[in-house]
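*Asks:* Protein sequence lines, in the order shown, are assigned to chains A, B and C. First residue of the first sequence? That's 465 in the working numbering, and the numbers climb one at a time after it. First residue of the second sequence? That's 465 in the working numbering, and the numbers climb one at a time after it. First residue of the third sequence? That's 3 in the working numbering, and the numbers climb one at a time after it.
Honestly, I wouldn't trust all of these hints.
To be verified - Straight-line Cα separation of at most 30 angstroms, DSSO-like style, residue types lysine-lysine; simulated pairs: (1) B/K625 / B/K524; (2) A/K524 / B/K524; (3) A/K625 / A/K549; (4) B/K471 / A/K524; (5) C/K114 / C/K67; (6) A/K471 / A/K524; (7) B/K524 / A/K471; (8) B/K471 / A/K471; (9) B/K524 / A/K549.
As the list claims (entries may be wrong) - To spell it out: a stretch of chain A is covered by chain C in this simulated footprint if at least three of its residues, at any positions, have a beta carbon under 8 angstroms from a beta carbon of chain C; those stretches are: (10) 532 to 538; (11) 556 to 569; (12) 620 to 631.
Worth flagging that the hints you see were computed from the coordinates, not collected in a lab. Cβ coordinates follow ideal geometry from the N, Cα and C atoms, glycine included.
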Amino acid sequence: MSGQPLKTIIEALLLAADRALSLDEIRAVFDEEERPGRDELREALAGLGEDCGQRGVELKQVASGYRLQVRRELAHWVNRLWEEKPPRYTRALLETLALIAYRQPATRGDIEEVRGVAVSTAIIRTLLDREWIRVAGHRDTPGRPELFVTTRQFLDHFNLKSLAELPPLDEIGESGNGLAADRPDETIVELFAATAAEAEKETEAEVESPDGRANDA
Amino acid sequence: MSGQPLKTIIEALLLAADRALSLDEIRAVFDEEERPGRDELREALAGLGEDCGQRGVELKQVASGYRLQVRRELAHWVNRLWEEKPPRYTRALLETLALIAYRQPATRGDIEEVRGVAVSTAIIRTLLDREWIRVAGHRDTPGRPELFVTTRQFLDHFNLKSLAELPPLDEIGESGNGLAADRPDETIVELFAATAAEAEKETEAEVESPDGRANDA
Amino acid sequence: MPGTDSPAPAASPDMPPGQRHPAIAYVAGAAVEELPTDLYIPPNALEVYLEAFEGPLDLLLYLVKRQNIDILEINVAEITAQYMAYIELMRAGQFELAAEYLVMAAVLAEIKSRILLPRPEAAEDEEEDPRAQLIRRLLEYERYKHAAENLDGLPRLNRELRQARAEPPEFQRIVPQPVVELSDLLAALARALREAELFEHHHVQTEPINPRDKMTLLLRRLDRQRFLPLSAMFDPREGRPGIVATFLAVMELTRNALVEITQSEVFGPIHLRLAEAPLAQGGAAP
Chain A
465 MSGQPLKTII
475 EALLLAADRA
485 LSLDEIRAVF
495 DEEERPGRDE
505 LREALAGLGE
515 DCGQRGVELK
525 QVASGYRLQV
535 RRELAHWVNR
545 LWEEKPPRYT
555 RALLETLALI
565 AYRQPATRGD
575 IEEVRGVAVS
585 TAIIRTLLDR
595 EWIRVAGHRD
605 TPGRPELFVT
615 TRQFLDHFNL
625 KSLAELPPLD
635 EIGESGNGLA
645 ADRPDETIVE
655 LFAATAAEAE
665 KETEAEVESP
675 DGRANDA
Chain B
465 MSGQPLKTII
475 EALLLAADRA
485 LSLDEIRAVF
495 DEEERPGRDE
505 LREALAGLGE
515 DCGQRGVELK
525 QVASGYRLQV
535 RRELAHWVNR
545 LWEEKPPRYT
555 RALLETLALI
565 AYRQPATRGD
575 IEEVRGVAVS
585 TAIIRTLLDR
595 EWIRVAGHRD
605 TPGRPELFVT
615 TRQFLDHFNL
625 KSLAELPPLD
635 EIGESGNGLA
645 ADRPDETIVE
655 LFAATAAEAE
665 KETEAEVESP
675 DGRANDA
Chain C
3 MPGTDSPAPA
13 ASPDMPPGQR
23 HPAIAYVAGA
33 AVEELPTDLY
43 IPPNALEVYL
53 EAFEGPLDLL
63 LYLVKRQNID
73 ILEINVAEIT
83 AQYMAYIELM
93 RAGQFELAAE
103 YLVMAAVLAE
113 IKSRILLPRP
123 EAAEDEEEDP
133 RAQLIRRLLE
143 YERYKHAAEN
153 LDGLPRLNRE
163 LRQARAEPPE
173 FQRIVPQPVV
183 ELSDLLAALA
193 RALREAELFE
203 HHHVQTEPIN
213 PRDKMTLLLR
223 RLDRQRFLPL
233 SAMFDPREGR
243 PGIVATFLAV
253 MELTRNALVE
263 ITQSEVFGPI
273 HLRLAEAPLA
283 QGGAAP
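This is chain A alone, in the form it adopts within the complex (with noise of 0.2 angstroms):
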């Protein structure tokens, strides 16, 4: 039954356990005439921790005894293996963000007065946390509701260098509706581009962006 090294023998034990063995466990599966001692053993770890040397694997010793763990430095790769499928927007959550983008700035109010429906606090709660709009200021008028703006992050996203690269209303969808074929009032955007610039400039010291890029379009 024998042939095989003590070392082979003991790697395959630990990466079949799925957890820690002990020395006394890795001797219990030797029959009585076969069994290693404990120095023995021992030596033969040693052996098998060197052997790692190169490998996705290292050896090491915790409460309950030895185990073979995929070294650190792999985490990276690994856990991309249980990486999550990104979620999906709603659609209502689409057309909310199109339409700040192409009205902004717009409060609540405007974008309802569009969909028909309500917009749900969670809809602008998500699209502020995901950085692509943000509140530019207030209207002046009853209730002084929030202003709305795309930010830069959301023209990154979308590979735009500006809002002008947005495609113009009227090339989009079927029926060139009767809505005024407009790109997104230019002053308009340039007058918030420019506090944009601020806004963000001071968002940049708070909140790290992701990829650190810190050019402006």
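Chain A is already provided as a structure; the job is to place chains B and C on it using the hints.
*Replies:* What follows is chains B and C alone, placed relative to chain A:
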């Protein structure tokens, strides 16, 4: 983020994943700019397989991809880690499974015709529960009986890459009376492998798989 | 009889050597001097014994093998006799199990009778040897019996093989942000605008719509149809004020537990129906 040999990363992935990984699943963990090509990956896998030579594990390609597994020569010691014996399957179950594997797609009637006894519902249930077989459709005969085929999980479990690796069927009769010894009809097998792959993708689409990646070997 | 001209097989190893009795039978030309001892099974052990067989073909195969004769040379008469002895014993015990065996016994008996009947020479060629079909089935069964054994012999996960695994590094949950394409955004906008347009185009001045009237109307419709999609309640000709009024009416009816709102799945259509036991509240009667 790089600087780790590809082979080492792959080893870490296969050991952490606790299941077979397809080429595409392995590629998906790399950032786009450092993602290896399929050939490069295959080469690294071959290298990893060679490295295993003297070790307790071997690299094996099965139906759903590559996995590192403890060599069977070491089962004597490794199995001692578990109290309970590996499950044994009854002859009735194995004969039923063999008939489905070699004759697929097969109905209960097909199996009963060869075995001369009714196929117990419990056996079909067990095979479906283990995901070794699945219903691929219905035969267009009265009663529209279910057509059973084997799955990728079946191949994985039996250490096979494809149905073509099944042991060949006996020559019929020692006196070799005409019927050629054959593997399952390759065209049919391929046809079903294709639909199986599709069906499995569908399943993945419906039941969100935990890692969310559709895998192809 | 066809097939008898093949070479005689070796004598059964089960036969005790040295004992020479007058032959009690000839099997494929070889003298059988003693009944194979392994054929007698005590009746109370039979049930267990038969369960060791995977069916009538398996038993038949066993009997044929026990006689140690070529499967292609089955002496149907002999085998039938042995087979029937098993069935006889079994009948006492498990009838359900016996059914498939009885069918096989009937097949054997039929073959036997056809062999016994003299046949005209001419018919010989046309008619298949009555044993041929049985032999084919036995051979076919034997093939898959071996295939099952081969399958069982393959190294298997969690028997000879174990998935190798190592402790993964500390896990950090990564949830990527949704990716949105510009086209998704434009499609959404187009949709929103198209729907808005539907409202705008019918900007006809209408009588102010009263939610109270709407409530009565809704109840009447629901009373007639029991179950209606919410979308069916809206009348686009009434424009936004109408939709708002309808919506308010639905909310009011729900609040008063006169109407139930159901949605079978997320984003699925919303349906309305009359509440199971409408409370007698004023103004709600259709």
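*Asks:* Tell me the numbers of any earlier hints that the structure contravenes, in ascending order.
*Replies:* When the structure is compared with the hints, none of them turns out to be violated.
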